[in-house]
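Heads up: the protein sequence lines correspond to chains A and B, in order.
Be aware that the first sequence starts at 1, since it is given in our numbering, and climbs by one per residue.
Be aware that the second sequence starts at 181, since it is given in our numbering, and climbs by one per residue.
Calculated from the structure, these hints are not laboratory results.
One should not assume that every hint holds.
Here's a subset of chain B near chain A, in silico, CB distances under 8 Å, partners left out [unchecked claim]: (1) Asp190; (2) Arg191; (3) Asp195; (4) Asp218; (5) Leu220; (6) Ala223; (7) Ile230; (8) Ala232; (9) Trp236; (10) Ser237; (11) Ile239; (12) Glu246; (13) Gln247; (14) Asp349; (15) Ala380.
List time: in silico PhoX-like cross-link candidates among lysine-lysine, alpha-carbon distance up to 20 Å [as the list claims (entries may be wrong)]: (16) A/Lys15 / A/Lys57; (17) A/Lys166 / A/Lys176; (18) A/Lys57 / A/Lys89; (19) B/Lys386 / A/Lys176; (20) B/Lys386 / B/Lys330; (21) A/Lys141 / B/Lys224; (22) B/Lys386 / B/Lys326; (23) B/Lys217 / A/Lys141; (24) A/Lys166 / B/Lys217; (25) A/Lys141 / A/Lys157; (26) B/Lys330 / B/Lys399; (27) B/Lys224 / A/Lys166; (28) A/Lys166 / B/Lys184; (29) B/Lys386 / B/Lys317; (30) B/Lys224 / A/Lys157; (31) B/Lys386 / A/Lys89; (32) B/Lys217 / A/Lys157.
Quick reminder that beta carbons are idealized off the backbone N, C-alpha and C, glycines included.
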Amino acid sequence: MAIRMDEEATIQRCKEGDMTAYRLLYERYEQPFLRTAIRMLGRQQEAEDAVQEAFLKLHRGIQNYRSGSRFSTYFFRILINSCYDILRKRSPASSGEFDLNDLAHHPSDVTGLRVSMQEAISSLPERMRICFELFAIEELKMEEIAQVLEVSIGTVKASIYRARVKLRAWLSDSQKETTE
Amino acid sequence: MTCKELERYDRGELDEAEFERHASLCPACQEAFRLDKDILSLAKALRRNIEAPTLWSRIQETLQNEQTAETPHATALSMDKNRRNKRFSGPWKPSRLVPAVLVLAGVVGLSFYFFLKNQTPSSGLLAQNALAKVEQKEMEYMEAIKELEKQALPQMTSMDLDLVFLYRDRLETIDAQIARCREALAMNQANAHIRRYLMAALQDKKDTLADILNAGNVKAKSRRST
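Just chain A, with the same shape it has in the complex (with noise of 0.2 Å):
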């Protein structure tokens, strides 16, 4: 409650300009914001241009917004939709080109199985795959998810629950083929 009447202020501010409110709603989105965008988008200058995008729709449209809904849903569809338009305009010979090596290798991943993760999860149907990393990685609520996606509860409940049978598939495999 805190945190979102914080928010609320710091909206306000932007409101009327403050540059230094973006840049507190910068500090508390950059790392969600960046994480689903190289996700949706796969690779990272263009994830960056989707946030840079997303914070001027911000901007632009911030007059418009009413403190009675949520900001964080509100500020991800901005977001979300920015990642759209850049798969829209891409070239149809580059959009099979995807680097998440950036998102999953970490300097203390010996084991590989993050990496695995990842593959596992980005082989995952589109919205399935989307909708799982919102859940399960951002830790959105599915209520969110919908709004930020625009798609009925239903349809997220649908898409996370086939994700978990897919991926529990997959880990129960590989764990089976290193005890093997």
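Go by the hints and put chain B onto chain A.
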């Protein structure tokens, strides 16, 4: 063998607490429950920081440029006020300027009236023509989409579930985009930016339906050959 309770859990008919209670008595479900926990903790481990050292400065620059572009009117007003204050302190008193300004305004107003009277309203018509053309193009897209829907949507019944799910979601997203554009256009029909978005969304929907039709045809062909 899969436990019926696991199937219910996977369909979302059983919540996590209920399933956990059941899993404590059922070895197969216990294993599934353990795997789910592992998946969530592995997923959380993917949540790591990404370095983007120049991103904030880029955003700040964009926002500041945007603010500067928004404020020239305000700046001009304030400069004008300063200038006026300076001017009024000299020999140019407002009392002397008022009649001159009134005469000038009258001359400018009359000239503008005659100018408008002799002008053909070509520029307004051009905008109207362009709008009509865009609307015509949108109608063509809508008709093509309607035709494609008639053929493509029945094909989905014979597709793999994953593919159906994927296409259905894609169409749902595009429809939401189209609805958003229409909502924005209801306020300003001539917003070229939104028109472009709408056109892109319509094109996207047409392409997606064509993809569905294609995928359905390929499936039917392979079924016939086997």
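Now for the hints, and whether the structure bears them out:
no., hint, verdict
1, Asp190, "5 Å, holds"
2, Arg191, "7 Å, holds"
3, Asp195, "11 Å, violated"
4, Asp218, "6 Å, holds"
5, Leu220, "6 Å, holds"
6, Ala223, "4 Å, holds"
7, Ile230, "5 Å, holds"
8, Ala232, "5 Å, holds"
9, Trp236, "6 Å, holds"
10, Ser237, "11 Å, violated"
11, Ile239, "5 Å, holds"
12, Glu246, "6 Å, holds"
13, Gln247, "6 Å, holds"
14, Asp349, "4 Å, holds"
15, Ala380, "6 Å, holds"
16, A/Lys15 / A/Lys57, "13 Å, holds"
17, A/Lys166 / A/Lys176, "16 Å, holds"
18, A/Lys57 / A/Lys89, "17 Å, holds"
19, B/Lys386 / A/Lys176, "45 Å, violated"
20, B/Lys386 / B/Lys330, "12 Å, holds"
21, A/Lys141 / B/Lys224, "15 Å, holds"
22, B/Lys386 / B/Lys326, "9 Å, holds"
23, B/Lys217 / A/Lys141, "17 Å, holds"
24, A/Lys166 / B/Lys217, "14 Å, holds"
25, A/Lys141 / A/Lys157, "10 Å, holds"
26, B/Lys330 / B/Lys399, "18 Å, holds"
27, B/Lys224 / A/Lys166, "17 Å, holds"
28, A/Lys166 / B/Lys184, "18 Å, holds"
29, B/Lys386 / B/Lys317, "13 Å, holds"
30, B/Lys224 / A/Lys157, "19 Å, holds"
31, B/Lys386 / A/Lys89, "16 Å, holds"
32, B/Lys217 / A/Lys157, "18 Å, holds"
Figure legend: structure checked against the earlier numbered hints; hints not met, in rising order: 3, 10 and 19.
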